[in-house]
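Single-letter residue listing:
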Amino acid sequence: MTEQAKFLIENLTFYYDSGPPALRNINLTIYPHEILVIFGPALSGKSTLLRLLNRLNDLVYDTRMEGRILLDGEDIYAPGVNVTELRRQVGMVFALPIPLPTTIRGNVTYGPRLAGERNRARLDELTEQSLRAAALWDEVKDRLDEPANALSGGQQQRLCLARVLALQPEVILLDNPTSGLDPLSTAKVEASLQTLKRDYTIVMVPHSVQQAARIADRAAFLLSGELIEHNIAAELFTRPQDKRTEDYITGRFG
Amino acid sequence: MTEDRRNEQQRHPWGEFFIESAIKTCGFSAIIFVVLIFSFLFREGAPAFWSVSPSNLFGTRWYPTFGLYGTLPLILGSLLVTVGAVIIALPLGVATAIFVGEVAPHWLREVLKPLIEVLAGIPSVVLGFLGMVALSPLVRQYLHMPTGLTAFTGAVLLAYMSLPTIVSVAEDAIDAVPKEYRDAAYALGATHWQTIWRVVLPAAKSGVIVAVMLGIGRAIGETMTVMMVTGNAARMPLEWNALFMPVRTMTATIAAEMGEVAQGSTHYHVLFAVGIILFVITFIINAVASLVIIRGGPKRGGRLLG
Numbered sequence: 202m203t204e205q206a207k208f209l210i211e212n213l214t215f216y217y218d219s220g221p222p223a224l225r226n227i228n229l230t231i232y233p234h235e236i237l238v239i240f241g242p243a244l245s246g247k248s249t250l251l252r253l254l255n256r257l258n259d260l261v262y263d264t265r266m267e268g269r270i271l272l273d274g275e276d277i278y279a280p281g282v283n284v285t286e287l288r289r290q291v292g293m294v295f296a297l298p299i300p301l302p303t304t305i306r307g308n309v310t311y312g313p314r315l316a317g318e319r320n321r322a323r324l325d326e327l328t329e330q331s332l333r334a335a336a337l338w339d340e341v342k343d344r345l346d347e348p349a350n351a352l353s354g355g356q357q358q359r360l361c362l363a364r365v366l367a368l369q370p371e372v373i374l375l376d377n378p379t380s381g382l383d384p385l386s387t388a389k390v391e392a393s394l395q396t397l398k399r400d401y402t403i404v405m406v407p408h409s410v411q412q413a414a415r416i417a418d419r420a421a422f423l424l425s426g427e428l429i430e431h432n433i434a435a436e437l438f439t440r441p442q443d444k445r446t447e448d449y450i451t452g453r454f455g
Numbered sequence: 159m160t161e162d163r164r165n166e167q168q169r170h171p172w173g174e175f176f177i178e179s180a181i182k183t184c185g186f187s188a189i190i191f192v193v194l195i196f197s198f199l200f201r202e203g204a205p206a207f208w209s210v211s212p213s214n215l216f217g218t219r220w221y222p223t224f225g226l227y228g229t230l231p232l233i234l235g236s237l238l239v240t241v242g243a244v245i246i247a248l249p250l251g252v253a254t255a256i257f258v259g260e261v262a263p264h265w266l267r268e269v270l271k272p273l274i275e276v277l278a279g280i281p282s283v284v285l286g287f288l289g290m291v292a293l294s295p296l297v298r299q300y301l302h303m304p305t306g307l308t309a310f311t312g313a314v315l316l317a318y319m320s321l322p323t324i325v326s327v328a329e330d331a332i333d334a335v336p337k338e339y340r341d342a343a344y345a346l347g348a349t350h351w352q353t354i355w356r357v358v359l360p361a362a363k364s365g366v367i368v369a370v371m372l373g374i375g376r377a378i379g380e381t382m383t384v385m386m387v388t389g390n391a392a393r394m395p396l397e398w399n400a401l402f403m404p405v406r407t408m409t410a411t412i413a414a415e416m417g418e419v420a421q422g423s424t425h426y427h428v429l430f431a432v433g434i435i436l437f438v439i440t441f442i443i444n445a446v447a448s449l450v451i452i453r454g455g456p457k458r459g460g461r462l463l464g
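Chains S and R, in that order, are what the protein sequence lines are. With my numbering as the guide, the letters of the first sequence map in order to residues 202 to 455. With my numbering as the guide, the letters of the second sequence map in order to residues 159 to 464.
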């Protein structure tokens with residue numbers, strides 16, 4: 202199984218400041234073309250784990266990490282790793298849609314242009330492709346040059362998804378991407394994720410247990426920085442092995 | 159608890175009234191002062207506008223002893239020194255703000271920020287002194303000028319005087335850019351520099367513009383330093399190398415001549431008229447700065463497209 206793992210997380214422990222570890226001895230494998238959902242109550246370390254996968258926590262002062270994270274068998278924290286290149290391979294969508302202060306088109310082509318793509322035709326093609334994949338194309342195709350801020354919240358979030366897709370990453374990280382969205386937009390985002398997993402590996406922190414059960418292929422339950430249990434979603438949500446998992450998904454706490 | 163508070167109020171009905179009135183008086187006094195200053199300035203300066211003909215008042219020669227009150231050389235002198243100062247201070251200040259806000263490690267930032275504030279506290283006469291004994295000899299020697307007391311010398315010193323204002327306001331604006339913008343840019347594979355140049359700076363644009371405007375306001379009204387180092391020759395700075403010749407600013411003129419002028423004379427009124435002109439110019443600059451802030455919206459530093 203190790204050969205085909207996309208991400209391999211080994212004995213990962215992570216500290217902010219000098220406090221107690223935010224993540225404790227995590228071992229987890231993420232396979233290609235699956236939707237892995239990482240869920241658990243607030244402050245259980247879900248976002249921290251997600252942000253470690255594309256080294257966004259590098260920007261936080263005073264952190265310490267033990268253990269290894271391998272992407273396609275390569276240690277992403279090894280010295281000499283090109284972090285910028287890594288972040289292009291492992292794209293991320295955040296809880297709050299943050300359109301960059303420019304046009305819709307500018308947002309989508311932002312990443313490719315940073316990567317050095319200058320060909321107008323190629324950029325236009327990427328724009329259409331990515332917006333279609335994020336289920337936004339039909340709504341914005343006639344106003345690509347309007348400010349991205351004019352879009353509704355749900356549209357902005359799908360724009361942020363399209364922006365990541367335009368980089369043609371291998372893995373997409375989603376940190377609670379539907380938190381600010383209405384049910385209709387949520388359904389649209391979820392539907393596009395189901396299509397996207399054919400081409401990408403998706404790791405997502407869901408909005409709720411219900412959402413986790415709806416979209417996950419596999420699920421991992423985090424509690425206070427510990428990985429309690431992970432399994433195929435159908436198993437985990439119907440026959441949890443651990444009492445704490447059962448209590449959480451049946452709504453006894455959290 | 160509400161019971162307690164009511165008792166409290168009933169016990170001190172006059173205390174409340176007294177404190178409220180005191181605070182109100184303090185607040186209104188600021189407005190009254192501004193109105194008084196403005197009306198005084200106007201009362202003393204306005205006569206110049208009808209006792210001196212406009213062609214004389216806005217002429218090119220300033221010789222009060224001969225009845226020539228051309229303020230144009232003074233206005234241009236002020237503008238030259240200010241523009242020179244801005245050209246120096248703008249890149250320096252914005253670059254410093256970027257370094258302090260985005261590049262410097264945590265401990266260095268904690269050292270740099272108070273140090274920059276200290277720079278703002280240096281009395282202008284001390285800076286002028288520094289300019290006279292340290293900077294102007296260098297200017298004379300290395301630029302082969304007959305004198306080191308030039309518009310350029312004043313511009314350099316003014317640039318350093320307005321630097322703390324520009325740096326701290328611009329740094330605040332950069333700091334106010336939501337952390338999520340940076341995360342988003344980094345997550346899209348932007349490098350540190352690309353994030354600063356293409357996301358953080360555009361988002362902080364209105365704040366940075368305000369910083370520069372405030373810096374200009376500080377520079378154009380400065381008196382002591384420019385009086386000490388610009389040479390104070392009231393001449394039209396129109397040659398190509400005017401920046402490296404002596405000039406005289408509006409502020410320096412008022413400061414230098416007010417002490418010797420006969421009160422109520424034409425010269426006296428003209429000096430106040432110069433004050434009015436200066437006031438109008440700074441008012442316009444401040445108004446433009448406020449407009450930029452308002453247009454930037456309450457979420458300052460938030461957007462690129464108004």
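Simulated from the structure, these hints should not be mistaken for laboratory data. Quick caveat, the model's predicted, so the values are computed rather than measured. Among these hints, one or two may not hold up.
[Claimed, not checked] Derived EDC-like pairs: lysine to aspartate or glutamate, alpha-carbon spacing no greater than 20 Å straight-line:
1. R:K337 with S:D218
2. R:K337 with S:D263
3. R:K337 with S:D259
4. S:K398 with S:E347
5. S:K444 with S:E427
Holds or violated: are the alpha carbons of K337 of chain R and D259 of chain S at most 20 Å from each other?
14 Å, holds
Would the hint linking K337 of chain R and D218 of chain S be met if the CA-CA limit is 20 Å?
19 Å, holds
Between K444 of chain S and E427 of chain S, does the CA-CA distance stay at or below 20 Å?
14 Å, holds
Satisfaction of hint between D263 of chain S and K337 of chain R, Cα-Cα up to 20 Å:
At roughly 17 Å apart (the allowed maximum being 20 Å), D263 of chain S and K337 of chain R satisfy the hint.
For the pair supplied as a hint, K398 of chain S and E347 of chain S, confirm whether the alpha-carbon distance does not exceed 20 Å.
30 Å, violated
The earlier numbered hint that this structure contradicts is number 4, and it is the only one.
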